[in-house]
Amino acid sequence: MKGIVFNLLQEVVCKEYGDDTWDQLLDDAGLDGSYTSLGSYADAEVVALVNAAAAALNLSAQDVLRWFGRRAMPLLAERYPAFFSPHNEARSFILTLNNIIHPEVEKLYPGATTPVFDFESVEGDRLIVGYKSARKLCALAEGFMAGAADHFHEQTEIEHPACMHHGADKCVFHVRFHK
Amino acid sequence: MSDSTNDPVVPAAAVEAEIARLNRRLKRETAARKEAEAIAERGLRDLYQRQQEISLLESIAAAANEAAEVEAAMQHALSAVCRFARWPLGHLLLASENPDEALLSTSIWHDESPGRYGALRSLTESILFTAGIGLPGRVVTTCAPAWANLGASDEFAYPRFPEAQRAGFSSLFAFPVMIGSEVVGVLEFFSPELQSPDQALLRLMAQIGTQLGRVVERQRAKLRLMHDALHDPLTQLGNRKLFLNRLQHFMQRAQRVANYQFAVLFVDLDRFKAVNDGLGHQAGDDLIVATAQRLTACLRGTDLVARGNDTGSEDDIVARLGGDEFTILLDNIGNPQAPVRVAERVLAMLAEPFTLENQQVFISASIGIALSSSGYTNVQDILRDADIAMYHAKQHGRARWMMFDQDMQEKALRRLQLEAALRVALQTDALTIYYQPIVSPGDGLIRGFEALVRWRHPEYGLVPPAEFIPVAEEIGLIVEIGNWVLEQACACLSRWQRTYGCAELAMSVNVSALQLSDGDLVGQVARVLETSGIAHGTLKLELTESSVMADPDHSLKIFHMLKGLGVQLSLDDFGTGYSSLSHLRRLPIDTLKIDRSFVSKMDSHEDKRQIAEVVVMLARTLGLDVVAEGAETAAEVSALQEVGSDFVQGYFYYKPLEEQAASDALCKQKSPPVT
Numbered sequence: 001m002k003g004i005v006f007n008l009l010q011e012v013v014c015k016e017y018g019d020d021t022w023d024q025l026l027d028d029a030g031l032d033g034s035y036t037s038l039g040s041y042a043d044a045e046v047v048a049l050v051n052a053a054a055a056a057l058n059l060s061a062q063d064v065l066r067w068f069g070r071r072a073m074p075l076l077a078e079r080y081p082a083f084f085s086p087h088n089e090a091r092s093f094i095l096t097l098n099n100i101i102h103p104e105v106e107k108l109y110p111g112a113t114t115p116v117f118d119f120e121s122v123e124g125d126r127l128i129v130g131y132k133s134a135r136k137l138c139a140l141a142e143g144f145m146a147g148a149a150d151h152f153h154e155q156t157e158i159e160h161p162a163c164m165h166h167g168a169d170k171c172v173f174h175v176r177f178h179k
Numbered sequence: 001m002s003d004s005t006n007d008p009v010v011p012a013a014a015v016e017a018e019i020a021r022l023n024r025r026l027k028r029e030t031a032a033r034k035e036a037e038a039i040a041e042r043g044l045r046d047l048y049q050r051q052q053e054i055s056l057l058e059s060i061a062a063a064a065n066e067a068a069e070v071e072a073a074m075q076h077a078l079s080a081v082c083r084f085a086r087w088p089l090g091h092l093l094l095a096s097e098n099p100d101e102a103l104l105s106t107s108i109w110h111d112e113s114p115g116r117y118g119a120l121r122s123l124t125e126s127i128l129f130t131a132g133i134g135l136p137g138r139v140v141t142t143c144a145p146a147w148a149n150l151g152a153s154d155e156f157a158y159p160r161f162p163e164a165q166r167a168g169f170s171s172l173f174a175f176p177v178m179i180g181s182e183v184v185g186v187l188e189f190f191s192p193e194l195q196s197p198d199q200a201l202l203r204l205m206a207q208i209g210t211q212l213g214r215v216v217e218r219q220r221a222k223l224r225l226m227h228d229a230l231h232d233p234l235t236q237l238g239n240r241k242l243f244l245n246r247l248q249h250f251m252q253r254a255q256r257v258a259n260y261q262f263a264v265l266f267v268d269l270d271r272f273k274a275v276n277d278g279l280g281h282q283a284g285d286d287l288i289v290a291t292a293q294r295l296t297a298c299l300r301g302t303d304l305v306a307r308g309n310d311t312g313s314e315d316d317i318v319a320r321l322g323g324d325e326f327t328i329l330l331d332n333i334g335n336p337q338a339p340v341r342v343a344e345r346v347l348a349m350l351a352e353p354f355t356l357e358n359q360q361v362f363i364s365a366s367i368g369i370a371l372s373s374s375g376y377t378n379v380q381d382i383l384r385d386a387d388i389a390m391y392h393a394k395q396h397g398r399a400r401w402m403m404f405d406q407d408m409q410e411k412a413l414r415r416l417q418l419e420a421a422l423r424v425a426l427q428t429d430a431l432t433i434y435y436q437p438i439v440s441p442g443d444g445l446i447r448g449f450e451a452l453v454r455w456r457h458p459e460y461g462l463v464p465p466a467e468f469i470p471v472a473e474e475i476g477l478i479v480e481i482g483n484w485v486l487e488q489a490c491a492c493l494s495r496w497q498r499t500y501g502c503a504e505l506a507m508s509v510n511v512s513a514l515q516l517s518d519g520d521l522v523g524q525v526a527r528v529l530e531t532s533g534i535a536h537g538t539l540k541l542e543l544t545e546s547s548v549m550a551d552p553d554h555s556l557k558i559f560h561m562l563k564g565l566g567v568q569l570s571l572d573d574f575g576t577g578y579s580s581l582s583h584l585r586r587l588p589i590d591t592l593k594i595d596r597s598f599v600s601k602m603d604s605h606e607d608k609r610q611i612a613e614v615v616v617m618l619a620r621t622l623g624l625d626v627v628a629e630g631a632e633t634a635a636e637v638s639a640l641q642e643v644g645s646d647f648v649q650g651y652f653y654y655k656p657l658e659e660q661a662a663s664d665a666l667c668k669q670k671s672p673p674v675t
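Chains as they are written, first to last, in my numbering: chain A, 1 to 179; chain B, 1 to 675.
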């Protein structure tokens, strides 16, 4: 897992629950916690952190990821405004996810594995999003989508009819955006 | 007991301050880390970007170098750029060869979703992108990249925007392919995302545009080379190679397709050399170019009329084989009259005067026609036969066409045999010289001889000079023959002068145009005079009007040199050519010869007699002697005497005699007449 994800998680946790909570999570997870955005770290570390957070916040790990994804979006918008500025709606932004994630990850970490999204437009405001990743972080992806809707001041309804955690070979989201 | 120094009581305020200080330090460190990360990320991103750009350029350069066709290199570039920039659709437009014309909207695309953009693609291919029309047109006008974004104020200026939008695109880009400052093509791309190219992309596309421009340039150079290899640089007509290629093609079709016929016309200008020599090489070139234009116009304008039942004339070609030789290949002729009609039109068109060097020049052509119906299997054969027919047209008086027939073939064959035999003749003493006495009509005494070459062939018998002299002239053998005659005749004259003690006895020797123009005539004459030791002023060289007038300035120079050697000069065939009297006045000649055509039957044809009179008067005015040749009857001789011809030559007195017979005649004259 890329260091940026740990950095974002730290920022989100510190912002909402204070620096001590982050320290506590690291202690609970048994991690030393020095992450740089340039580094790459074991997937197990993010799992441990998410589980620790779930225990501390009394939430499911999936909820923690959803929460994290949603809260991380404003931070991403701050760090990488160029990816957001061409868009004036969540839908068109989300359509570019592959184009953003793949090259950006590739730039910093040649050869890294990345999630793959596919899109299918159904009706005007509905989008079917496929998600496929060895890490099965579909909840994080869902959180990102919700966060993107927030960013563009939109409401969103997200259904998740197929999930890799339940044996599907890819996750499927039905997403509806509205202002 | 606790030691207060080891266990001090730290005041709460100090602890607070320490924590605040540490927090500040932590914030500083975090900020520094983030900045360092940002710098490193930027560096990595730039590096990555640069590597992507380099590999894009490398891949385009490699494709550009390998591509045999412009289209392949362009197709590769479209795909590479699309992959690089993540654009799903790219298109090529090529500038037309004619700079005033529109861009050619090619069917060369990079399309990642075949079918999906069908409507946009057909619309694009149907639009004529002239300068200023659409994005590509804007690129042509400005020679710079152009792009258009959905929602921009100028989006309505672009005819395809609504369709592009329907296809899900938000931005359109167009980049020029350049050779120097010329736009030779446009690459256009469609992006679903709203974006404007940044400086890096513009720089990159400029490099790609230059790179691809080189491919176009290379292609143009290749096409030019191919064109040059098959075309005549002066007239831009097809050359011999192109002509033979086409001919080969036609011939194969003739063998395959029943009733398919074609014709070859061999067109040769009459007296082109006279124009070239008289008015200069520039005028000669101008005439060739003008002729080429007329021939081309001749085919273009009137094919339907010429052909009757015809199926299309694109395959007819005019070619220039070289010099003043042109060929016309007529495709799919319905009947043998078709090429004749074309030939007649060519003759008519060439009969119109040309303006060269501000002068009106009249020219004509001789045309030979060969038809494919004769069943040729070799391109050289049909070309040869058209050439032979052309030669016959020339022989029959020029300014006419002739169609090849078998008889011509036989004559041509005999000519070839003559050529070969003539070369041998010179080495085997098969040539001999006859001497025809030249007589003063008053006393009937021999005053001189004209040396005439004769050829006795073991098989053909006596070959008439009219048949072999033109052959010798054409193959250049005339110079050698002429020199040989000169030597022999002078040696003979020397003997006679010594034997009969008549130092006045003269010898006339014919000099051909070829000897005059490029032989070492003066040196040769000087050597012969020296060797033979004949009396001064008794060698008379005879030149025809036409050979003198071919290059009057050169002739004048040579004449003065010959006069310097003490040689007499005589103008042969006077009145049959087209000499100008002003030239005649300048020439240092001694004698005019009245042509036999005026002498023959002059006693009964008043006009001939008058011409002879005029020639004599002219000679008197210019201080020249007159010799009349071809006098066969007493009546002709007395008429010549009346008009005042100084000397007469002809069968009436003597036919050309072998050396011994001539010698006998001289001897007889020396003895007192038997009374």
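To be clear, the hints were calculated from the coordinates, so they are not data collected in a lab.
Any given hint might turn out to be false.
In silico lysine-lysine, DSS-like type, Cα no more than 30 Å apart, as pairs [stated by the list, open to error]:
hint, chain 1, residue 1, chain 2, residue 2
1, B, Lys-557, B, Lys-273
2, B, Lys-34, A, Lys-2
3, A, Lys-136, B, Lys-34
Since the structure is predicted, the reported quantities are computational estimates derived from the model, not experimental observations.
Would you mind confirming whether the straight-line C-alpha gap from Lys-557 of chain B to Lys-273 of chain B stays at or under 30 Å?
20 Å, holds
Decide if the proposed pair is consistent with the structure: Lys-34 of chain B and Lys-2 of chain A, CA atoms, cutoff 30 Å inclusive.
15 Å, holds
Can the restraint linking Lys-136 of chain A and Lys-34 of chain B be considered satisfied, given a maximum Cα separation of 30 Å?
28 Å, holds
Of the hints listed earlier, there is not a single one the structure fails to meet.
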